[in-house]
Amino acid sequence: MDRLIAIITSDDEAVRNTPLDAALEGLESNQLLQAAQSLDAFRRETTNLYHRVRALFFLSSIHRYSLPRLGRAPAFGHIPFRAYIQLLDRRFEESISILLNTAAADGPSEALSSALAAAYRGLAFQTLADQVRRSVRSISGNQWMFRCGHAADYPLRLHPDLLLRESSRFPILRETTPVRMDLSHSAWSDIFFLGMDYPEGARVLNISIDLAISGRGEPRPPVEAHLRVIDRPVLRLVSVDLNAQVELSAVAEVFDFAKDYLGLLKAAVIASGIVPPGMEGATAPLAPLLERLTGRPGHGLEIVSKVNDIPKGSRLAVSTNLLACLIAACMRATSQVSHLTGAMDEDDRRLVAARAILGEWLGGSGGGWQDSGGVWPGMKLIRGVQAQPADPEFGISRGCLLPRHELLSEDRVPPAVQKLLQDSLVLVHGGMAQDVGPILEMVTEKYLLRSAREWEARSEAVAILDQVLDRLAHADIRGIGSLTQRNFDSPIQTIIPWAGNHYTQLIINRAKAEFGPRFWGFWMLGGMAGGGMGFLFDPEIKPLAAIRIQQILSETKRELEGGVPFAMEPVVYDFRINPCGSWSELVPAGDALMPPAYYVLTAPALLRRESRSLTPAQRADLEHFGSRSRHGGEWAAAGSSLIDHLLPEAAHSRIASDSLDCLLESNGFDRLQHEQIRADMKSGRIGLAQNRLPARARITNVEPGELPGIDGVHSRFVAIGQDALAQGSVAAISLAGGAGSRWTRGAGVVKALNPFCRMAGRHRSFVEIHLAKSCKTSRPYPLPIPHVFTTSYMTQRPFEDTLARESSFGYQGPLHLSPGRSVGLRFIPMARDLRFAWEETPQQILDVQKQKVIESLRAGLIQWALAAGEASDYRDNQPLQCLHPTGHWFELPNMLRNGVLARLLDERPSLTTLLLHNIDTLGADIDPGLLGFHLDSGAAMTVEVIPRLLDDRGGGLARVDGRIRLVEGLALPDERIEFDLSFYNTGTMWIDIDRMLAAFSLTRAKLADHASVDAAVRDLAARMPSYVTLKDVKKRWGRGQEDIFPVAQFEKLWGDMTALPELDCRYVSVPRLRGQQLKDVAQLDGWVRDGSAAYVESLCDWDR
Amino acid sequence: MTIDKAVITAAGPSQRTLPLQHLIDRDGQDRTVLAILVEEASKAGMKEVAVIVHPGDESACASAAEGASVKLHFIPQTAGPGYARAIWSARDFTGADPFLHLVGDHLYVGSEPGACAARLIEVASRERCAVSAVQATHESLLPNYGAVGGQPLAGHTDLYSVDRVTEKPTPTLAERSLIVPGLRTGQYLCFFGMHVLTPTIMDVLDSLLASDPIPPPSISSALETLAARERLLALLMDARRYDLGVNYGLFMAQAALALNGRDRDEVLTRLVQLLAASPARKVNL
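Line by line, the protein sequences are chains D and Z. Here the numbering used here is used: the first residue of the first sequence is 1, the next is one more, and so on. Here the numbering used here is used: the first residue of the second sequence is 10001, the next is one more, and so on.
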């Protein structure tokens, strides 16, 4: 459709900013498909990067939202497995071709559209990332590093002042850098893609600040880098705050980012050119390069990083500024920056910022273009720059990669503002450390689609920045507070609702309630709320407010931590605007000492060695440290800490171990079964590869025509269902025993309690939404629906606390928790299972640089599994993180064992049917038509399935050796089979209580006989397959640091009940809105945009 | 512009013995480096040559240059260390005249002795300005040389108008400010070790050295100032210069002389024999 191409290519801003939805309004599906065809041809032909990218996002949106919304195309369609594999390999073009050919041959379908949407979106982001990569490489001053591939061509030399030795020791270059906070980032306009396409709208007000945790001394630059020559031919990297150190002697080791915690230092070494990126892949040792660098055979370099009391996720761009700090030190040391000491000039700051961008790309992360703002002093306006003919970006993108930094002079910001701001702002870390990456992707996509509301919001954000500048000029901090609050409430959360969250909103509400008009406004720092945040107060009450905000944060965290992932305890900071930017000093060799914590970390290993094996510099350094630590102060404290580090931490480990054993004991841990599983894992009898059905099993598809659809059953059975509801014969069971690992990436909080989405004016959790649905369903009937949440050792307590605190969210019907009765202890995985998961099953390949990082990480994790002992108990974490639920098969039997079902039946003898569903199937409700269908069929169990789309992975409905049943993805002998299955299991099932009890050889009467119930459950469990699975578990340490480990556990799954020959199972196809599951936070935005959230909300009754 | 004076600097603490080293010249004669350099100047038409020496080295240098066909002056560098000071030491000798400057630790091998200096003097005389001889040099060698940035001079393929001069630039700086159109990627115009300088250079050095700065200024910073005051050109030489002060520098200079001289075939044969007799070694590239 030419209109869409005209929108993309128009020089008229008004036309170019037409929202896609407006352009597509009124089009029928055949017109949409024609439009998609024209766009696809256009994007293949156009040479303009942004035209291409915008066309790709348009295409993705048409397939993801516009076509399914019309509902004209058939839901079913065959997604070729080859297309899926190409998608995983990031070969998007090939994937698109296969999918379009299939669509041409078979006709369009929702399934194919889902795959095309993913492929176009992936290609759009890949195209953008490739362009940023090219731009980073083409910046003058960076290019030579990609050409230098051998030590013989190595052109850097160390600054001679760093070689002035004294008593075997060399001077230390010490760089300190502030971090940055944004008064406004004009709605994430610093994302490279935005800045390069819309430079006029890309503006950030950025302030460099020093920090100290409140009450712990004067604020100081939060990040430091130290660099010195050492008398060993190695590159020695030390991160004092991460307790990590390594000596590198080969070039290849420098490029192995994820092997240890020193990836940031390695990225700095490479981006600064000390080991140029052109040397990646070289097998050479480092010594020749270090010899050329230092001019001394047998000498090397030591680089030390230190972050002063700022945890991860601060939203203050700590890691980018630490990277910039390290790069600045390395570039000063090699004379690439003109001043060895003091501040840098503007050219050098820009160069360091460009290298920091390169470093971010190398390390597989990616900040905005203003994140390294700490390199500059004070307050500055950073703005996008239109590409000019001399720029490498000219003709490719409208803007340049690097922005321009404009320091705000006194005529624009009176000197008094600095103090006024310091006197008003309470700066905090709220304790949450979330990945801002998905948010940045959402922002990019919405920008390119120009959705009307979001585009208006962006314009508002741009205007707010001008207003903030105006208020700064008038030293009106109160006005600024009102603007930052408006910025957060309106444009930011209009564009990305997920930038705010329940926790943040509660804190703001509480601050408002307590301080009224003397609370001037909330200020979101960085990309999202929950971590670094600001609260502006009337200066008169600021000291009190700082104390109270700390209390409010801590209280609110305690209240929510069952369902909200916190990485650390919230803290309040003292801060000061930094007037220097990144600053360096050279400590002469005679006085040169690393920070005290450096010696606590590094000295134990040296002290355990024979003193004659120490190099002269090491010996001299230790002597100097010893001498200094006798003088008291922080050096003496370091001496004491050193003694502690020399001794093992036996006591602490024993306490953790005791606590884990108590938990196992109290949660019904079956040690015999555990040992059997360990033996089976070790012997290879069970494992990821052994989860699969035998290859001889005949698995075929259940064709769409073989199942009734909801349209066909609904009208006939509504009356039956309504009658059953009127008689009080149905209860809802929400399965909530699992942690929802994907939701929080193994953070160990309860997904069911996570207030993830704003509905009817406030954030609601899964539990609240399910209860609101039961409330609405109950409304027309005399008896309210009983609702049961199954829990586990992990979720029981948080559920109890939350329901008590929230008065069961006002639910009037019977509400029960069904606590788990089984628990497993996680295992260190078998290396062969890790390899199977990562090497033999199709894996999502990441962006080139990220993929390198993850491959390095995986190699490290396999080594970890081997070193820690394959199939040994996983105990090296918080006790709760070492346990695992044993799969949702047990959740219904648990209701038999813990008496909840008996209690339900006592309360409501008319109860005959259970609706069982996963906590994340938000569209599932007690629909009278489906209930009637189930009752009329007389089946023991009716399973709801949906037509499969691309993301519906993990098994489905199949005919196995002639019997229709659910098959878990884990059990499929070949991944290809899944792509032949038309239906995906929603996990929602209607269960006839008496027939189900019969399958357990039980009756209602026997439920009181615990021994019989236990025996019945054990007998049926023995007939169910056990799957070995890998789960990601977070281990938290340090200040907000998190590691993710893959651990092995076993589980039994309820879907396998459909394989029991004696259980009469039926299947019904339901709409996607009802059956889809919300597994991942990254799905949320699409879930709102495609109408799913509105559908769920329409099922709810909040007025209780 | 008449140029008939030359200044050779040979006073650097690490290079003061280099001009005294003996090499076999193109004609198969055993001669010192200094004698070869003086011959280069002489064949280019210089009438007087000043050699700036370390105090006390005068007689050794005089005997090394014995038999020269020009008038020699040996000027001790007494004012302090540094290359710029070495040139400044010759201010009485050069007076108000332009002069040719050669460095004592380089050897120049062109089509014939004196050809390099002669070409430089020809250009300087024609253009009536200071001219530095330069050579396209790979970025890995930047730590050894001063480098210039500028634009090609219209109508010439080997002349550049200089607007930036930097001593031993990092590749980062070079890439940002010393890229010259027409050169291959990663190549820069680095000094050849031979300049024709106008008297203004002594004024520039006067002001640069007035405050006795530490570290002492380089000739590059003096040339950058010179370029701001008057026209400075760079002449791209097709000859080769050999830095005697680096590892194997003398060896390479000797090989270059021999391979460009009378005994080329004999030396080449011996080199091939040497190569054939050397045990094979894995080269780690």
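Wrong hints could be hidden among the right ones.
Said to hold, decoys possible - For each label pair, taking beta carbons as the anchor points, the in silico distance ranges come out as:
| hint | chain 1 | residue 1 | chain 2 | residue 2 | range |
| --- | --- | --- | --- | --- | --- |
| 1 | Z | ARG10264 | D | SER140 | 37 to 47 Å |
| 2 | D | GLU166 | Z | ASN10247 | 49 to 59 Å |
| 3 | Z | ASP10238 | D | ASN17 | 24 to 34 Å |
| 4 | Z | SER10278 | D | ASP435 | 51 to 61 Å |
| 5 | Z | ASP10163 | D | ASP12 | 38 to 48 Å |
| 6 | D | SER140 | Z | ALA10136 | 42 to 52 Å |
| 7 | Z | ARG10264 | D | HIS159 | 42 to 52 Å |
| 8 | Z | LEU10153 | D | ASP345 | 26 to 36 Å |
| 9 | Z | GLY10245 | D | SER140 | 51 to 61 Å |
| 10 | D | ARG404 | Z | LYS10071 | 42 to 52 Å |
| 11 | Z | ASP10212 | D | PRO415 | 30 to 40 Å |
| 12 | D | SER140 | Z | LEU10153 | 16 to 26 Å |
| 13 | D | HIS474 | Z | ASP10163 | 42 to 52 Å |
| 14 | D | THR283 | Z | SER10211 | 42 to 52 Å |
The hints are simulated quantities; they were obtained by calculation from the structure and are not laboratory data. The C-beta atom is built at its ideal place from N, Cα and C for all residues, glycine as well.
Verification of the supplied hints:
no., hint, verdict
1, Z:ARG10264 / D:SER140: 37 to 47 Å, "holds, 43 Å"
2, D:GLU166 / Z:ASN10247: 49 to 59 Å, "violated, 28 Å"
3, Z:ASP10238 / D:ASN17: 24 to 34 Å, "violated, 58 Å"
4, Z:SER10278 / D:ASP435: 51 to 61 Å, "holds, 58 Å"
5, Z:ASP10163 / D:ASP12: 38 to 48 Å, "holds, 42 Å"
6, D:SER140 / Z:ALA10136: 42 to 52 Å, "violated, 18 Å"
7, Z:ARG10264 / D:HIS159: 42 to 52 Å, "holds, 43 Å"
8, Z:LEU10153 / D:ASP345: 26 to 36 Å, "holds, 31 Å"
9, Z:GLY10245 / D:SER140: 51 to 61 Å, "violated, 31 Å"
10, D:ARG404 / Z:LYS10071: 42 to 52 Å, "violated, 59 Å"
11, Z:ASP10212 / D:PRO415: 30 to 40 Å, "holds, 39 Å"
12, D:SER140 / Z:LEU10153: 16 to 26 Å, "holds, 23 Å"
13, D:HIS474 / Z:ASP10163: 42 to 52 Å, "holds, 45 Å"
14, D:THR283 / Z:SER10211: 42 to 52 Å, "holds, 51 Å"
When held up to the earlier numbered hints, the structure conflicts with 2, 3, 6, 9, 10 and fits the remainder.
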